[in-house]
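Novice: All residue numbers for the sequence shown refer to full-length UniProt numbering, where the first residue is 1 and numbers rise by one.
If you are wondering where the hints come from, they were derived from the structure by calculation, not from laboratory data.
Please note that a few of the clues may not be correct.
Unchecked claim - Straight-line alpha carbon distances no greater than 20 Å define the calculated EDC-like cross-link-like pairs of lysine to aspartate or glutamate that follow:
| hint | residue 1 | residue 2 |
| --- | --- | --- |
| 1 | K265 | D186 |
| 2 | K164 | E213 |
| 3 | K233 | D257 |
| 4 | K325 | D384 |
| 5 | K265 | E334 |
| 6 | K225 | D352 |
| 7 | K233 | D323 |
| 8 | K325 | E279 |
| 9 | K339 | E279 |
To be verified - Across the chosen pairs, the derived CB separations fall in these ranges:
| hint | residue 1 | residue 2 | range |
| --- | --- | --- | --- |
| 10 | I104 | A333 | 21 to 29 Å |
| 11 | E334 | T226 | 38 to 46 Å |
| 12 | S46 | G209 | 43 to 51 Å |
| 13 | D64 | D186 | 31 to 39 Å |
| 14 | K225 | K325 | 35 to 43 Å |
| 15 | E208 | Q353 | 44 to 52 Å |
| 16 | D350 | E163 | 40 to 48 Å |
| 17 | E314 | L62 | 19 to 27 Å |
| 18 | I104 | E334 | 42 to 50 Å |
| 19 | D123 | G209 | 30 to 38 Å |
For each residue, glycine too, the CB sits at the ideal point set by N, CA and C.
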Amino acid sequence: MSLAFSLPAPLLRLRPRPCVSRHSLVCTASPVAAAGLVLPPSPIPSRFDSGAISGAAVQRYLSDEGARFVMWYAGRPLTWASSAKAPPGTSHGLVGLALSSDGITWDRVEGPLEAHSVLAPNDDWWTFDTVHLSLGSVSIDSNDMVRADAGVYFMYYGGGNAEKVTVGGAELAGARMAIGVAISKDGEHFTRIEGEHPSGAVLERGDEGAFDELFVAGPCVVRAKTGASNAGKYVMHYFSFDERRGRFAIGQAISKDGLRFERAKNEPVITGEGCAFAERGVSRCCVVERAAGRFVIFVECVDGEGVHRIAMAESSDCQTWGDLKVVLEPGEAEAWDCKGVSHPSVVQMDDDQMRLYYRGRGSEYDAEKGTGSGIGVAASNGADWTRLERILTEQQ
Numbered sequence: 001m002s003l004a005f006s007l008p009a010p011l012l013r014l015r016p017r018p019c020v021s022r023h024s025l026v027c028t029a030s031p032v033a034a035a036g037l038v039l040p041p042s043p044i045p046s047r048f049d050s051g052a053i054s055g056a057a058v059q060r061y062l063s064d065e066g067a068r069f070v071m072w073y074a075g076r077p078l079t080w081a082s083s084a085k086a087p088p089g090t091s092h093g094l095v096g097l098a099l100s101s102d103g104i105t106w107d108r109v110e111g112p113l114e115a116h117s118v119l120a121p122n123d124d125w126w127t128f129d130t131v132h133l134s135l136g137s138v139s140i141d142s143n144d145m146v147r148a149d150a151g152v153y154f155m156y157y158g159g160g161n162a163e164k165v166t167v168g169g170a171e172l173a174g175a176r177m178a179i180g181v182a183i184s185k186d187g188e189h190f191t192r193i194e195g196e197h198p199s200g201a202v203l204e205r206g207d208e209g210a211f212d213e214l215f216v217a218g219p220c221v222v223r224a225k226t227g228a229s230n231a232g233k234y235v236m237h238y239f240s241f242d243e244r245r246g247r248f249a250i251g252q253a254i255s256k257d258g259l260r261f262e263r264a265k266n267e268p269v270i271t272g273e274g275c276a277f278a279e280r281g282v283s284r285c286c287v288v289e290r291a292a293g294r295f296v297i298f299v300e301c302v303d304g305e306g307v308h309r310i311a312m313a314e315s316s317d318c319q320t321w322g323d324l325k326v327v328l329e330p331g332e333a334e335a336w337d338c339k340g341v342s343h344p345s346v347v348q349m350d351d352d353q354m355r356l357y358y359r360g361r362g363s364e365y366d367a368e369k370g371t372g373s374g375i376g377v378a379a380s381n382g383a384d385w386t387r388l389e390r391i392l393t394e395q396q
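Please model the entire structure based on the sequences and the hints provided.
Specialist: Below is the structure:
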């Protein structure tokens, strides 16, 4: 299969338009100072992000007009409250889009699909993603399988279907998640690419007895520029819950074209074992190739009390990772993110600095009321990526 088309102006050239257009922005009033918070749930009940906001994938693009930030993020609308659309308590379900000129102040885009999203659950009953979606990573690429003059947006995401599975003594639909990919010419209108698996996934859950037999989710895909065996290949890190060990763990899959993935090994590549801050394991992650032969991974860790933190590790080959070190703790008491930080997404800035976008959870979190979640941002102290400080922002 080969797809070829020309790209129109990419999203980095879009500007929000007046409120009557489909690129209208959601205005908030009476802003107050908040450490790190850049995107709270929408105050409009009909929007996909009105109930809760989940993980984001943020990219920074440069043009003659300057820098442009694009955020794809998952959310759950208030209209899904007490429904079978997604497992109870989850903060995802649909994927949407926001734009910014500085990465701090964001304008929500009214997408073309359900609840103003840009990617919604699949209508085809036989597919893996008919109930809900969660976001992994988004990047621009072009290869022999998908050709375009200026590259194509590849969105890797997780999805669940209506198959029920017993989790914690309860029967839930949507827990048997798999991983898929959708592509776009403009970053807003996406088309799914059917994977090799019968469900349409590019990566299905593992075989019986494997650490990832329950589900696979949270894909982060990078095209490695260097590395003894991975140079030029697409490297996917994903997570699952290892029922044998009773903890979350991160696995790895490799592809030559970004569409057909094979597991690198049958065991996880990162477990967090031996770390007090990861007693329950490691899950969502973000990988960047900081320099030639220097890969960095930011990992969501869960301690014995269920508190989520973000840690970092390094690698020379994107295969074997060093020790994890916590780089972002939950916010102080009563802060909007005091109950946990998760879903890391890294943006490399000028002079080897970086920003870490993350999902925060507060003490009043309730996906059916639209409280206690949001996207935040912290910045590195120069080139030291282990020292992060939340950026002071203004939000409602």
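Novice: Does the structure break any of the earlier hints, and which numbers would those be?
Specialist: 1, 5, 7, 13, 14 and 18
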